[in-house]
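Asker: If you want the building blocks of each chain, they are given just below.
Number of protein chains: 2
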Amino acid sequence: MSAPKSPAKSPQNRSELSVTPMSEDISAWYNDVIARAELAERGPAKGTMVIRPYGYAIWELLQRQLDDRFKATGHQNAYFPLFIPESYLRREAEHVEGFAPELAVVTHGGGKELEEPLVVRPTSETVVGEMFAKWISSYRDLPILINAWNNVVRWELRPRMFLRTTEFLWQEGHTAHVDEADAMEETLRMFGVYDEFARNVAAIPMVRGEKTPGERFAGAKRTFTIEGMMRDGKALQSGTSHYLGTNFAHAFDITYQDEQNTLQHAHTTSWGMSTRMIGALILAHGDDRGLVLPPRLAPHQVVIVPIGRGDALGTTTAEAQRVAGLLREQGVRVEVDVRDQSPGFKFNDWELKGVPMRVELGPRDLEAGVVVLAQRVGDEDEDGRARKHTLSVAELVDGMQARLDAYHELLVARAEAYRDEHSARIDDLEAFDAQVAHGFAYALHCGEPTCEATIQERTRATPRCVPTEGPEESGACIACGAPSAYGRRVVFARAY
Amino acid sequence: MSAPKSPAKSPQNRSELSVTPMSEDISAWYNDVIARAELAERGPAKGTMVIRPYGYAIWELLQRQLDDRFKATGHQNAYFPLFIPESYLRREAEHVEGFAPELAVVTHGGGKELEEPLVVRPTSETVVGEMFAKWISSYRDLPILINAWNNVVRWELRPRMFLRTTEFLWQEGHTAHVDEADAMEETLRMFGVYDEFARNVAAIPMVRGEKTPGERFAGAKRTFTIEGMMRDGKALQSGTSHYLGTNFAHAFDITYQDEQNTLQHAHTTSWGMSTRMIGALILAHGDDRGLVLPPRLAPHQVVIVPIGRGDALGTTTAEAQRVAGLLREQGVRVEVDVRDQSPGFKFNDWELKGVPMRVELGPRDLEAGVVVLAQRVGDEDEDGRARKHTLSVAELVDGMQARLDAYHELLVARAEAYRDEHSARIDDLEAFDAQVAHGFAYALHCGEPTCEATIQERTRATPRCVPTEGPEESGACIACGAPSAYGRRVVFARAY
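Order-wise, the sequence lines are chains L and A. Taking the working numbering, I'd label the letters of the first sequence as residues 1 to 496. Taking the working numbering, I'd label the letters of the second sequence as residues 1 to 496.
A portion of the hints provided could be inaccurate.
Cross-link-like lysine to aspartate or glutamate pairs, in silico, EDC-like; alpha carbons within 16 angstroms at most [said to hold, decoys possible]:
id : chain 1 : residue 1 : chain 2 : residue 2
1  : A       : Lys46     : L       : Asp253
2  : A       : Lys71     : L       : Glu41
3  : L       : Lys134    : L       : Asp253
4  : L       : Lys221    : L       : Asp179
5  : L       : Lys221    : L       : Asp182
6  : A       : Lys112    : L       : Glu102
7  : A       : Lys46     : L       : Glu113
8  : L       : Lys112    : A       : Glu102
9  : A       : Lys221    : A       : Asp179
10 : L       : Lys134    : A       : Glu41
11 : A       : Lys221    : A       : Asp182
12 : L       : Lys46     : L       : Glu102
13 : L       : Lys46     : A       : Glu86
14 : L       : Lys46     : A       : Glu60
15 : A       : Lys71     : L       : Glu335
16 : L       : Lys221    : L       : Glu180
17 : A       : Lys46     : L       : Asp179
18 : L       : Lys134    : A       : Glu38
19 : L       : Lys221    : L       : Glu38
20 : L       : Lys46     : A       : Glu115
21 : L       : Lys71     : A       : Glu156
22 : A       : Lys134    : A       : Asp253
23 : L       : Lys46     : A       : Glu41
24 : L       : Lys112    : A       : Asp182
25 : A       : Lys46     : L       : Glu41
26 : L       : Lys71     : A       : Glu335
27 : A       : Lys134    : L       : Asp253
28 : A       : Lys134    : L       : Glu38
Quick caveat, the hints were computed from the structure, so don't treat them as lab data. This structure is a prediction, so every number in the text was calculated from the model and none was measured.
Only chain L is shown next, with the shape it has when bound in the complex (with noise of 0.2 angstroms):
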């Protein structure tokens, strides 16, 4: 018999539901939503992460709607192998350099050592590389139109759950193209989908830009990056297509015969969104009582919360249920709390889970035919408190569909709101500096890895991307004074 443990983890015996108010502590915060909100735990290996049901629901929510999107543009789901010869890795120069840190190698398999390390993949546009060269030969077999969802690995020191793992789930595009022209398109088209998904399925108004030399992916030519604003005003990099020419297609042999009978290398292109975007989804709509849920990743929509003691109970239950069994018909993912707790319990219970819409059904209801409705956001009364609605259970039943996407309007219109006030225009370093602890700033800059060196290191910003919108300008560097680069403003923020 092992010693009892200590505090016991039933719902029942939890001291509070409460979390660290992110106005006073966002990391603190960020903590308590994603252990309170049962999303996730440390795994036992440094760096991993055990994702909990109630955050891996998002995660399959997520991938639902991306992978629609996927197959919708012509591409088709693969697997690539986990292992990856440490040799492949170093065939393409910038790529090696930009991985080595970061790898975690099998030195061992089967009782032996290996003649060849293995890597864990970190991304796997090599071995995806060896694939292409065997199955192209011939411009008929362009373009290849390739995504895998799998686990990927990069060795982490500082690890924060959902945003930096060391090991991650993600989904990584892989696309092969007679050239640049076709290419290019494939990578503007990834990147408008993330951008629309962010905004459509995750109500994050995203940044659209394209990342600085310094910041592009390892060996690649070209990448466009969403970048979202956290509540704290930093920017979280949420997706990101890149156009790698034919840098991959050199090292890997990707050749085909183009109409002519030339032999010519194909170009390629590759993206990816993970994980992370959890944590940019509980970073972005977030409040001091928790999490907030876009309605479209939301494991629960509607939570029905029967309330009475007794008799009155089984029967407010019942029709609670029953109400639960309309609301699914309208394709609405909903719970019934039926767990033996308070109801005040299981309001703080769903605020803390960032359930868009809350449902109290008491006797008294009952009777009258009605539920009372609260929304997590959005509908707050002089003090701050949710409104409470009071419904007939037809009004709630058939609007909840219109309810639940105006709901998603006002995430996306409130996050885009709070992007927008704390984004300005800065042209002058003092006025940079302020602006950057607390938002994003547009301002001119040289290009020069240095100058974005120098910058970083006294504000710990960094250039997110040059804006695919907004308008030409040209003038001085802001930092050095040196004549500006891109033909646009750069947007600068301290970054997850």
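On the provided structure of chain L, position chain A as indicated by the hints.
Answerer: Chain A in isolation, oriented as in the chain L frame:
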């Protein structure tokens, strides 16, 4: 510029699409089918596999339908880390003994040698055990019903695609319960789910039973298995469900307070099905001409081949697309083959790829408002050629789901007949040796591991399971004459 590559890989230039006949050499046939149907190919690291889009589409269909069943039985998905500290495996003695010879070990990460090597998960009982210990404290926390879809690594000396690869994809279910009765109920429930799935989705009628002690999962108290018969009479273990007793609960301190406030160890289960199942499909249904896919796992259930030259081809192609749209509205997965290839090439190709239904549509058919339908197997004329049926478009569309269902049942019946023809009750050692050379032998056995080993040495056959169904029977062991164990006959066969 790199040297021109030798044989071009576009289908146009392939010398032929045919495969080694199964009846000649099933092993060569298996490899040919996998290569030519573009299911998979070898990865660069030994024993690894690239699953190509056509193969991965089968896996996605399998995942979706199996996952639906897990959710319908109350399970939630989660994710556990790829890396497990080596010391964790040692905590359960039988477990480490079983898996140690198959481990891949990471000794370096982030450019440094690790203090403790990390094992790449061969299965996750240990890390799940650690987490269950954290999550469970009261009987109210039980049962915990979790599943994970992931990749695992078990070093293979003689890899075979899908059947035995160093890395494979699978799902692993992990559950914890208050007592043996509840855990055994779960073990048998998931055993039932696998059996039902194999029959109703993969069209493989399984022999269901319990593993003998020597064949149990390392660390399990009881292991239940479904065993399919392949076209060479060999068995393929296709899914297993384990009752782990309190073995892992003791090793990882998975305890809970019961209603009387007494500390108890939880009883756990685990169960898994993998990409092996794709190997099972290939080997259970295939024939000399290639794959025969069961319709519920076929990426394309129907392929339409428009026929004609010049303008006529344009017209039949347009009609094919229209018919495809009508079929899609009925929930049928349809492909219109518009490749620049001859109809003959296409017919062979889709036969090889095992598509259940092929529709031809020529200019005369178009005029008459009909199509020509042929089924991959089960409807041949005296010369063994697929019969062609002329149907109106309405007949085709309205009848397709029923036709696919009937085709599914036909594949089940065909596999069942094959299995039964190649199974026999055997009471004599000479007949036993002959029987296991091409099928399943039902024989009485003493249950002694040493006696099992003698049989295996002589015949390469192993006890596959003690079937759950079938009459109770006792007598003398077929090999040594000692009294039989289990109260039933044991199924012996050679196995993949």
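Asker: Taking the hints in turn, state whether each one holds.
Answerer: The hints, checked one at a time:
no.: 1; hint: A:Lys46 to L:Asp253; result: violated, 21 angstroms
no.: 2; hint: A:Lys71 to L:Glu41; result: violated, 23 angstroms
no.: 3; hint: L:Lys134 to L:Asp253; result: holds, 9 angstroms
no.: 4; hint: L:Lys221 to L:Asp179; result: holds, 14 angstroms
no.: 5; hint: L:Lys221 to L:Asp182; result: holds, 15 angstroms
no.: 6; hint: A:Lys112 to L:Glu102; result: holds, 10 angstroms
no.: 7; hint: A:Lys46 to L:Glu113; result: holds, 14 angstroms
no.: 8; hint: L:Lys112 to A:Glu102; result: holds, 10 angstroms
no.: 9; hint: A:Lys221 to A:Asp179; result: holds, 14 angstroms
no.: 10; hint: L:Lys134 to A:Glu41; result: holds, 10 angstroms
no.: 11; hint: A:Lys221 to A:Asp182; result: holds, 15 angstroms
no.: 12; hint: L:Lys46 to L:Glu102; result: holds, 14 angstroms
no.: 13; hint: L:Lys46 to A:Glu86; result: holds, 13 angstroms
no.: 14; hint: L:Lys46 to A:Glu60; result: violated, 31 angstroms
no.: 15; hint: A:Lys71 to L:Glu335; result: holds, 14 angstroms
no.: 16; hint: L:Lys221 to L:Glu180; result: holds, 11 angstroms
no.: 17; hint: A:Lys46 to L:Asp179; result: violated, 33 angstroms
no.: 18; hint: L:Lys134 to A:Glu38; result: holds, 12 angstroms
no.: 19; hint: L:Lys221 to L:Glu38; result: violated, 40 angstroms
no.: 20; hint: L:Lys46 to A:Glu115; result: holds, 11 angstroms
no.: 21; hint: L:Lys71 to A:Glu156; result: violated, 34 angstroms
no.: 22; hint: A:Lys134 to A:Asp253; result: holds, 9 angstroms
no.: 23; hint: L:Lys46 to A:Glu41; result: violated, 34 angstroms
no.: 24; hint: L:Lys112 to A:Asp182; result: violated, 41 angstroms
no.: 25; hint: A:Lys46 to L:Glu41; result: violated, 34 angstroms
no.: 26; hint: L:Lys71 to A:Glu335; result: holds, 14 angstroms
no.: 27; hint: A:Lys134 to L:Asp253; result: violated, 50 angstroms
no.: 28; hint: A:Lys134 to L:Glu38; result: holds, 12 angstroms
Comparing the model with each earlier hint shows violations of hints 1, 2, 14, 17, 19, 21, 23, 24, 25, 27; every other hint is respected.
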